[in-house]
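**Q** One-letter residues, chain by chain:
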Amino acid sequence: MEKLRKEDVNPKIVEALLRDTDITIDDALDNEMILNMGPQHPATHGVLRVLLRLDGETVMNAVPELGYLHRGYEKMAENMSYYEYIPHTDRLDYISPMANNVAWVMAVEKLAGIEVPVRAQYIRMMVAELARIASHLVAIGAFAMDVGALTVFLWTLREREKILDIWDILCGARFTNSYTRIGGVANDAQPDALAKVKWFIDQFDDNLTECEKLLNSNRIFIERLENIGILPAEVALDLGVTGPSLRASGVEFDLRRATPYLQYDKIDFNVITYTEGDSLARYFVRVDEMRESAKIVRQVLDKMPAGEIMANMPKKVLPKKTEIYTRMEELIHDFMIVNFGINPPVGEIYHAIEGSKGELGFYLVSKGEGHPWKCKIRSPSFNNLQALPYLVKGHMLSDVVAIIGSIDPIMGEADK
Amino acid sequence: MNIKELIKNKLTNNFPNYQIEFSEYLDEFCIKVNKENILEICSFLKNDEDLKFILSEDITAVDWATRKNRFTVVYHIYSLKNNFRLKIKSDVDESDCSIDSVTSVWGAANWQERECYDMYGIIFNHHPDLRRMYMPEEFEYYPLRKDFPLMGIPGSLPLPKK
Numbered sequence: 001m002e003k004l005r006k007e008d009v010n011p012k013i014v015e016a017l018l019r020d021t022d023i024t025i026d027d028a029l030d031n032e033m034i035l036n037m038g039p040q041h042p043a044t045h046g047v048l049r050v051l052l053r054l055d056g057e058t059v060m061n062a063v064p065e066l067g068y069l070h071r072g073y074e075k076m077a078e079n080m081s082y083y084e085y086i087p088h089t090d091r092l093d094y095i096s097p098m099a100n101n102v103a104w105v106m107a108v109e110k111l112a113g114i115e116v117p118v119r120a121q122y123i124r125m126m127v128a129e130l131a132r133i134a135s136h137l138v139a140i141g142a143f144a145m146d147v148g149a150l151t152v153f154l155w156t157l158r159e160r161e162k163i164l165d166i167w168d169i170l171c172g173a174r175f176t177n178s179y180t181r182i183g184g185v186a187n188d189a190q191p192d193a194l195a196k197v198k199w200f201i202d203q204f205d206d207n208l209t210e211c212e213k214l215l216n217s218n219r220i221f222i223e224r225l226e227n228i229g230i231l232p233a234e235v236a237l238d239l240g241v242t243g244p245s246l247r248a249s250g251v252e253f254d255l256r257r258a259t260p261y262l263q264y265d266k267i268d269f270n271v272i273t274y275t276e277g278d279s280l281a282r283y284f285v286r287v288d289e290m291r292e293s294a295k296i297v298r299q300v301l302d303k304m305p306a307g308e309i310m311a312n313m314p315k316k317v318l319p320k321k322t323e324i325y326t327r328m329e330e331l332i333h334d335f336m337i338v339n340f341g342i343n344p345p346v347g348e349i350y351h352a353i354e355g356s357k358g359e360l361g362f363y364l365v366s367k368g369e370g371h372p373w374k375c376k377i378r379s380p381s382f383n384n385l386q387a388l389p390y391l392v393k394g395h396m397l398s399d400v401v402a403i404i405g406s407i408d409p410i411m412g413e414a415d416k
Numbered sequence: 001m002n003i004k005e006l007i008k009n010k011l012t013n014n015f016p017n018y019q020i021e022f023s024e025y026l027d028e029f030c031i032k033v034n035k036e037n038i039l040e041i042c043s044f045l046k047n048d049e050d051l052k053f054i055l056s057e058d059i060t061a062v063d064w065a066t067r068k069n070r071f072t073v074v075y076h077i078y079s080l081k082n083n084f085r086l087k088i089k090s091d092v093d094e095s096d097c098s099i100d101s102v103t104s105v106w107g108a109a110n111w112q113e114r115e116c117y118d119m120y121g122i123i124f125n126h127h128p129d130l131r132r133m134y135m136p137e138e139f140e141y142y143p144l145r146k147d148f149p150l151m152g153i154p155g156s157l158p159l160p161k162k
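Protein sequence lines correspond, in order, to chains A and B. Quick note: the first sequence uses this note's numbering, first residue 1, plus one each step. Quick note: the second sequence uses this note's numbering, first residue 1, plus one each step.
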């Protein structure tokens, strides 16, 4: 962090910082201090820049500056086919790439009218829930590290490592998975992958309890977070906050329950809510959600039927590689899909799933061409970050770090 | 009465003089309103006791490039009470590239409209803080417009001071 001179800050940002203040000073910069936090700061979880107006150590106002990781993914989507875009969704929320893959292909399938086999739907649910566990593990670990408990970070990452190993078996990549395909998933879940998932779920609860023991009775951790950054339910809804941060404020809103997709209506799970709405409640929601996700994965393993993993729609869904090499018809379809795309009918849809950070939606407009006319990513981190100025106002500078950790923004997704 | 009919009835009864088009595609219900009425209709949809669209999920625009009304501003709003998502559309022409801001209705619209302004250059009237969201303040173009090249414009992004 560095102290800024007035001319270092864009006048419009200074204006935003000095807005809605109840103290009247001729030149606020002479008496208060403007502090530049980020974009390169370990506690901002990526390249988030926050300009803070401080009175002593108390935050009077905060202006988040986004865009340091803006790669123009919406523009790129308009210039590539629906298939080509799948790997790019990995780079949105890079902590849970599987969930993004699922969200994207589901949006495209809705647009193109593709029905996915049940087994593929169950596999997608499994990977989406494992992605949620992985994401929450990182969130909690990094969060605890931000407030000074380093060991938890090592322990939660150890657990996450096991999930990455599962992904390694499932799709051959540990981090940027690109596992789903339009119409299904890339590879079938092999028995050894499923056995590893089973093993992971069985030992997960104990290991999570171990991590929890380090935090739940840790006085420093509790006192750093309790009553810090309280987000009342009506403010949270007004600011468009979704996901764990909204549920910590007592609103029972979970898209898996509200608008069931995949096979979530056949699964028994609880929507975790806490009423306090402070940073500690957001931590508790994540821990409990991981247990619920483990419960879902367990049920998915029991209920997963045998069968196809790709839809049988030759004009929309890429054929298997072996068939392309041996059969003429498949070769033609492959050529057409790769070169001209799947050409969904003219129309527009919005499809959202409950990602690990909140509502992850894709708004797609098709003009009947191989590439989308318009793609809008409704990213949860972007909307959740909007609550940051509200949350940090009146708190100490050190609490800003804790509050950013508690809303768990991923800048790859917020900046697109 | 199902929710779609309810919205239809409520809107036609409460705004008899306004031109509102209803449409549905793949089970997604959509209303199209004139841009002059957007604020009034949005605040009605949010505050009506039976509808309660309290969550603004997303605000964006579509650039149709060659059409007369070049842009369509698209709002996705959600009612937790009815578990229902509604799409609102409103056309904006390039010659008068502005629409009323709905920040007074939903606080979330603040950044969502800023992003839309940043990417399409649509001015949201009475917006409290209409700055660019992602691009630098000095940037002169609107990247998601169809006439902005995919490769970018050389020299358009100022390099940081040494």
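Check each hint, because a few of them may be wrong.
Claimed, not checked - Facing chain A, from chain B, some residues (calculated, C-beta under 8 Å):
1) S56
2) T60
3) L80
4) G107
5) M133
6) E137
7) L150
What the hints assert, rightly or not - The following residues of chain A were derived to be distant from chain B, with all beta-carbon distances above 10 Å:
8) N10
9) P42
10) T209
11) F284
12) M336
FYI, nobody ran anything at the bench for these hints, they're computed from the structure. As the structure is a prediction and not an experimental result, all values here were calculated from the model. Note that beta-carbon positions come from the ideal geometry of N, C-alpha and C, so glycine has one too.
**Q** So, for every hint listed, does it hold in this structure?
**A** Against the structure, the hints:
1. S56: 6 Å, holds
2. T60: Result: holds, 4 Å to nearest chain A Cβ.
3. L80: With a minimum Cβ separation of about 6 Å from chain A (threshold 8 Å), the hint on L80(B) holds.
4. G107: Holds, because the Cβ-Cβ distance from G107(B) to chain A comes to roughly 4 Å (cut-off 8 Å).
5. M133: 6 Å, holds
6. E137: At about 5 Å, which falls below the 8 Å cut-off, the nearest Cβ of chain A leaves the hint on E137(B) intact, so it holds.
7. L150: 5 Å, holds
8. N10: At roughly 5 Å from the nearest Cβ of chain B, N10(A) sits no farther out than 10 Å, so the non-interface label is violated.
9. P42: P42(A) clear of chain B: closest Cβ-Cβ about 21 Å, beyond 10 Å.
10. T209: 33 Å, holds
11. F284: Non-interface label stands for F284(A): nearest chain B Cβ at 22 Å, farther than 10 Å.
12. M336: Nearest chain B Cβ is 24 Å from M336(A), so the label holds.
Hint 8 from the earlier list is the only one contradicted by this structure; the remaining hints agree with it.
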